[in-house]
Structures are given as C-alpha cells and as structure tokens.
Amino acid sequence: MIQLKQFTKYFHRDGVDQVLALDGIDLGVQKGDFISIIGSNGAGKSTLLNGLAGTYAPDDGQILFGGKDIGQWPEHRRATFIGRVFQDPLMGTCGALTVEQNLALAKRRGKRRGFALGVKKEDRQLFEDRLKELGLGLENRLGDRVGLLSGGQRQALTMLMATVIPPQVLLLDEHTAALDPKTARQILDLTRKIIDDRHLTTLMVTHNMRIAIQMGNRLIMLHHGKIILDIKGEEKRSLTQEELVARFYDRQKKEDMLTDRMLLG
Amino acid sequence: MTWYAIIGALEQGLVYGIMVLGVYLTFRVLDFPDLTVDGSLPLGAAVSAVAITKGVDPFASILLAACAGFAAGMVTALLNTKLKILHLLASILTMIALYSINIRIMDGPNVSLLGASTVLDPFMAAGTAGYVVAPVMYGLLAVLITGGIVWFLHTELGQAMLATGDNPQMIRSLGVNTHHIIIIGVGLSNALVAVSGALVAQNQGASDVNMGIGTIIAGLASVILGETVFGSTGVTRTCIAVLLGSVLYRLAIAMALGLKLGNFAVTPSDLNLITALLVVLALMAPGIKRKFGGRAK
Chain A
100 MIQLKQFTKY FHRDGVDQVL ALDGIDLGVQ KGDFISIIGS NGAGKSTLLN
150 GLAGTYAPDD GQILFGGKDI GQWPEHRRAT FIGRVFQDPL MGTCGALTVE
200 QNLALAKRRG KRRGFALGVK KEDRQLFEDR LKELGLGLEN RLGDRVGLLS
250 GGQRQALTML MATVIPPQVL LLDEHTAALD PKTARQILDL TRKIIDDRHL
300 TTLMVTHNMR IAIQMGNRLI MLHHGKIILD IKGEEKRSLT QEELVARFYD
350 RQKKEDMLTD RMLLG
Chain B
3 MTWYAIIGAL EQGLVYGIMV LGVYLTFRVL DFPDLTVDGS LPLGAAVSAV
53 AITKGVDPFA SILLAACAGF AAGMVTALLN TKLKILHLLA SILTMIALYS
103 INIRIMDGPN VSLLGASTVL DPFMAAGTAG YVVAPVMYGL LAVLITGGIV
153 WFLHTELGQA MLATGDNPQM IRSLGVNTHH IIIIGVGLSN ALVAVSGALV
203 AQNQGASDVN MGIGTIIAGL ASVILGETVF GSTGVTRTCI AVLLGSVLYR
253 LAIAMALGLK LGNFAVTPSD LNLITALLVV LALMAPGIKR KFGGRAK
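Here the protein sequences line up with chains A and B, keeping their order. Heads up: the first sequence runs through residues 100 to 364, numbered per this note's numbering. Heads up: the second sequence runs through residues 3 to 299, numbered per this note's numbering.
Mixed in with the good hints, there may be bad ones.
[What the hints assert, rightly or not] Listed below are the simulated SDA-like cross-link pairs for lysine to any residue, each with C-alpha atoms no more than 25 Å apart in a straight line:
hint: 1; chain 1: B; residue 1: Lys86; chain 2: A; residue 2: Arg112
hint: 2; chain 1: A; residue 1: Lys206; chain 2: B; residue 2: Thr157
hint: 3; chain 1: A; residue 1: Lys206; chain 2: B; residue 2: His156
hint: 4; chain 1: A; residue 1: Lys220; chain 2: B; residue 2: Lys84
hint: 5; chain 1: A; residue 1: Lys220; chain 2: B; residue 2: Gly150
hint: 6; chain 1: B; residue 1: Lys86; chain 2: A; residue 2: Tyr109
hint: 7; chain 1: A; residue 1: Lys219; chain 2: B; residue 2: Lys86
hint: 8; chain 1: A; residue 1: Lys219; chain 2: B; residue 2: Ile147
hint: 9; chain 1: B; residue 1: Lys86; chain 2: A; residue 2: Asn149
hint: 10; chain 1: B; residue 1: Lys84; chain 2: A; residue 2: Asn149
hint: 11; chain 1: A; residue 1: Lys210; chain 2: B; residue 2: Gly57
hint: 12; chain 1: A; residue 1: Lys210; chain 2: B; residue 2: Gln171
hint: 13; chain 1: B; residue 1: Lys86; chain 2: A; residue 2: Gly114
hint: 14; chain 1: A; residue 1: Lys219; chain 2: B; residue 2: His182
hint: 15; chain 1: A; residue 1: Lys219; chain 2: B; residue 2: Thr157
hint: 16; chain 1: B; residue 1: Lys86; chain 2: A; residue 2: Asp113
hint: 17; chain 1: B; residue 1: Lys84; chain 2: A; residue 2: Arg176
hint: 18; chain 1: A; residue 1: Lys219; chain 2: B; residue 2: Leu146
hint: 19; chain 1: A; residue 1: Lys219; chain 2: B; residue 2: Gly149
hint: 20; chain 1: A; residue 1: Lys104; chain 2: A; residue 2: Asp329
hint: 21; chain 1: B; residue 1: Lys84; chain 2: A; residue 2: Asp158
hint: 22; chain 1: B; residue 1: Lys84; chain 2: A; residue 2: Thr179
hint: 23; chain 1: A; residue 1: Lys206; chain 2: B; residue 2: Thr238
hint: 24; chain 1: A; residue 1: Lys210; chain 2: B; residue 2: Gly150
hint: 25; chain 1: A; residue 1: Lys219; chain 2: B; residue 2: Gly150
hint: 26; chain 1: A; residue 1: Lys210; chain 2: A; residue 2: Gly234
hint: 27; chain 1: A; residue 1: Lys292; chain 2: A; residue 2: Asn316
hint: 28; chain 1: A; residue 1: Lys220; chain 2: B; residue 2: His156
[Unchecked claim] Some but not every residue of chain B turned toward chain A, in silico, with C-beta under 7 Å:
hint: 29; residue: Leu159
hint: 30; residue: Pro170
hint: 31; residue: Arg174
hint: 32; residue: Asn179
These aren't lab readings, by the way, just hints derived from the structure by calculation. Note that the structure is predicted; figures quoted are calculated from it, not measured. Ideal placement from N, C-alpha and C gives every residue a C-beta, glycine not left out.
Using the sequences and the hints given, assemble the complete structure.
So, in structure tokens, the structure goes:
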C-alpha cells in the first residue's frame, strides 16, 4: 500500500553540521501491517514517521501511496488518510477546546470545514459511545476543556481522535513514552484494541523492545538512518527479547565496522 | 465626570469595540500579533469617507471598507505564510504601506464628512436626539457583530481557527491547511477593524491618515482589561468581555482626561502613558488579587 523508495532526508543540508537522518530507505508496507519500529536515539525513527506524515518533503526518493508519489504533498493533504499520535500528550489535542469540540475537529479530518456548527448534536452519541470504550469516565466530561485532563486521558483522547475516522495509515510516535508505566500499559491495550477492531495499517515507533516484540506482525530496526533488521511473519511471532538484542548488537557491530573501515580505508 | 463625557466614552467604546473584537481574533484566537490594524483602521475610514463623498450609500460604504480591510489583512497573512516573514514584521510592513495607500485613496491626508450623510441619518430623521441615537445604534451594531463572531467561532471553520492558534501541529494533522485559516482569520480581523474605522470617521465627521496611530495598543489594552475584569473562560464569555473591556478602557481614558491635581492637568498627549499604565495594571491584576486574599481564578 505504501512504498518508500530510496527515501533520503538530511538535516542542516550543506551546512557544517549536516546530518544524514534517513539514508535511502526502501520499505514496502502491506495493507493491515502493524509494524513496530525500534532503534537507538538518532537512528531516524521519528524522522521516518514525520517524513511519512509530511512534516517535510524527502530530499531524495519517493513515497508511493496506492501508486501515487505523495512526497511533495503537504502535511494537511496527507492527513486525509493518515492518523497520528505524538509522543507529547499535549501535542495531539487542543487544550483550550472541550472534549467534544476536539472530537468534532477530528471527525472532519480531511473534509471541508464550513459554516455548520462544529459540534453536531447527532455526533454526541457517537462520541459518548467511543469515550465509554476507554473506560476513563470521559463520556461524562464532553463539555470539559481538554486542558483539565491528565496526560494519560489526553493521550487516550488523541488515540480516539486519530481513529474516529478510520485512517488508512496510523502513525504512533512513541505515544506512551511520556506516560507513567500504568497509564502507558492502558494506552497500549487501547492501541491494540483499536487497531484490531478497525484493522488499521499501523507504524509504531517505540523505545521499548518488549513492546515491539509483543505488538504487531512486523519489526523493523533502524540504525544510522538505515533499516538493519526487518523481521516478519513466523519469525516475528517466535522472536524473543534475547534473540533481538543479540541480533541488534551483531548487526550494529557490522554496520559500525563497515563505516569505520570506510573511514579508515 | 459629566454625563456628556460618560455617554461619549460609551459611544467610543462601542465603536472601537468592533476593532477590539478584531484584535481579539488575531491576538488571542490565532496567536498572531497583528499591527496591521494601525493601518487598516484609517483604511476603513478612508474608503468609507471617499465613497460617501462620491455619493455611495453610507451603509454600502461600510461594506466597501470591510472588503478593503479584509484585503489588507490578507496581505499581512500572505507575507507571513507564503513568504515566511515573521508575523510581527509582516504586519508592520503592511501597516507602513497602508499609510501611503490611505493618502492615495483620500488624495490627501484627510477627507471631511461635514454635512455628508452617515449611517445614523435614517434614525436622526425620526427626530431623536443625536446623543441618544449614536450609542444605541453603535451598541446594537457592536452586539450584533459580537454575536456573529461568537457564532463563527463555534462553526467548523471557527473551531479550526481556534485550534490553529492553540495547537497548529495538531490541526494540521487533522487535515487543516493552517495557512488558509491564518489568511481568513487575519483578513476577518482587519475587516472588523476597517468597519470600526469607517464608523469612527462617520461619527467624527472626518477621516484622517493619522487616526490609526495607537490602535493596536488601545485594542490590546481593551482585550486585556476586559479579560481581567470580566473573565475569559470560554469563547462566548471572552467575546462579550472584550467588548465590555473596550467600553471600560474608554471610560478610564475619559476619567483620566478629567483629572486635575492642583496645577497639573492631564492632556490628550498623556494618553499613551495612561494606556501603558492601564495595560500594566490589568496584567498585574491576577497577581494582586492572589496576594490580597481574593479568590483568583
């Protein structure tokens, strides 16, 4: 469904501190895939997700979506088929607006916004039902400003907002990293439930190897802007943490040796 | 303070209240500090005055002023969004450009409207005194426009505008082109400011290229004063609060102008200093309330 071809992204291009954040990534995502993405700091995980979402255009390469190159599409245009949840719980919701106003904004993702009232009466029931599924009591707080909610509640709301109109691709960028362990677990359970219920194609960045192993049908490891591991199918199902760590260090060593050799050679 | 001064302040507060609503739209809703208003207020005045002297109906002249103001706001927004010029600088550029444009429109630094017809004429004809008609008429208009803004901010588009000011990243990821929203919002804001300018010109009987100086400060002072005194929880409340803030601001100014301490009398040239003090006081108010045991919100 999505095909990345030689996706390349520099930061500070042509400057003294030029960084090659993504080094010609080739990646094919099938419909219904749930891919967890891991890698050390600066490996390019978030850059990859932001690149898909359209925060910037690729410096080189293509992003094919259903055969069309959407590399030059701006973020808001790609949002018609992409749902996003950010690491910072404050990022995905609007604190000055109420719970129902936020959901109403999300319900018009990718549609024209005109002079009809933002919050429609007929949507309230839908919002209440969806909020009830969260089990956080938010269904009784439709009129409360989101700024009054906790980080976990806001992140749960963001999950709902990203999926109230089922997106063709869901991007989760370390969406539980800023939460306490208990809340993080709740949000992960919610994530799994929503993705299973709605059969969403998902890319999830995480720092947590255990989560990456438990969730999804495919695991990708990035290192220095390249995909160094791509585990799927039966192999992914039987993957253990020890095995992953071992393979990680093995590959990383090879990669680093390669660069060292290139440098020294 | 005389009744005359109070009614005058009320009238001014209501007329300039329309401008204050415009400033609220940019400054608070869009989080876009916009100094264009110092130019778009006299722009509205100039367009309306010239149109009236050319025989256009006073009401129609206000519509023309609104269009001109919208265009001025669009220029600032385009400079900011498409050319990536900092919003503050973009608005200053439009503002100084408008100075020249306003003189071109009026073919001189001012246009007199003495004896010309104004929007108040149809009501004066009934024989009601001018000092009653003006505040009532401007009050009605200000309330109508406030209602319109409150309604607008509850529409899909208005909600997207509120979100654009609060969290642009989020609203982009929900498929909204924030550039379009900024262009519409800053345009709408300056349209309101121009309407206010047109009414001021008709009220004062003249349009002058320098009448816009200090508009943004008066606007900010009114917004901050209104929010501090009347509260800012929720869009509806804030819109009403800033309109009342405008009246309060003009009353405070009128009061200060009447102030005499021995040989010292406040003159109109002291207004800028008084405005600055008012803003500082209004900004300090929440802290003072807390300190003296009042239940601050």
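So, going through the hints one by one against the coordinates:
1. B:Lys86 x A:Arg112: holds (19 Å)
2. A:Lys206 x B:Thr157: Judged against 25 Å, a Cα distance of about 14 Å means the pair holds.
3. A:Lys206 x B:His156: The hint holds at about 15 Å.
4. A:Lys220 x B:Lys84: violated (37 Å)
5. A:Lys220 x B:Gly150: holds (21 Å)
6. B:Lys86 x A:Tyr109: Roughly 21 Å separates the two Cα atoms, so the pair holds.
7. A:Lys219 x B:Lys86: violated (36 Å)
8. A:Lys219 x B:Ile147: Roughly 23 Å between the alpha carbons, so the hint for Lys219 of chain A and Ile147 of chain B holds.
9. B:Lys86 x A:Asn149: holds (21 Å)
10. B:Lys84 x A:Asn149: holds (22 Å)
11. A:Lys210 x B:Gly57: Between Lys210 of chain A and Gly57 of chain B the Cα gap is close to 44 Å, so the pair fails against 25 Å, i.e. violated.
12. A:Lys210 x B:Gln171: It holds: about 17 Å lies between the C-alpha atoms, which stays within 25 Å.
13. B:Lys86 x A:Gly114: holds (21 Å)
14. A:Lys219 x B:His182: holds (23 Å)
15. A:Lys219 x B:Thr157: holds (10 Å)
16. B:Lys86 x A:Asp113: Holds - the C-alpha atoms of Asp113 of chain A and Lys86 of chain B are around 21 Å apart, at most 25 Å.
17. B:Lys84 x A:Arg176: holds (17 Å)
18. A:Lys219 x B:Leu146: holds (24 Å)
19. A:Lys219 x B:Gly149: holds (19 Å)
20. A:Lys104 x A:Asp329: The hint holds at about 16 Å.
21. B:Lys84 x A:Asp158: Roughly 21 Å separates the two Cα atoms, so the pair holds.
22. B:Lys84 x A:Thr179: Judged against 25 Å, a Cα distance of about 22 Å means the pair holds.
23. A:Lys206 x B:Thr238: Measuring from Cα to Cα gives roughly 23 Å; hence the hint holds.
24. A:Lys210 x B:Gly150: Holds, because 24 Å separates the two Cα atoms, which is no more than 25 Å.
25. A:Lys219 x B:Gly150: With Cα atoms ~19 Å apart, Lys219 of chain A and Gly150 of chain B stay inside 25 Å; holds.
26. A:Lys210 x A:Gly234: Measuring from Cα to Cα gives roughly 29 Å; hence the hint is violated.
27. A:Lys292 x A:Asn316: OK: Lys292 of chain A and Asn316 of chain A at ~15 Å, within 25 Å.
28. A:Lys220 x B:His156: It holds: about 13 Å lies between the C-alpha atoms, which stays within 25 Å.
29. Leu159: holds (5 Å)
30. Pro170: violated (10 Å)
31. Arg174: Holds - the Cβ of Arg174 of chain B comes within 7 Å of chain A, reaching about 5 Å at its closest.
32. Asn179: Holds, because the Cβ-Cβ distance from Asn179 of chain B to chain A comes to roughly 5 Å (cut-off 7 Å).
Of the hints listed earlier, those the structure fails to meet are numbers 4, 7, 11, 26, 30, in rising order.
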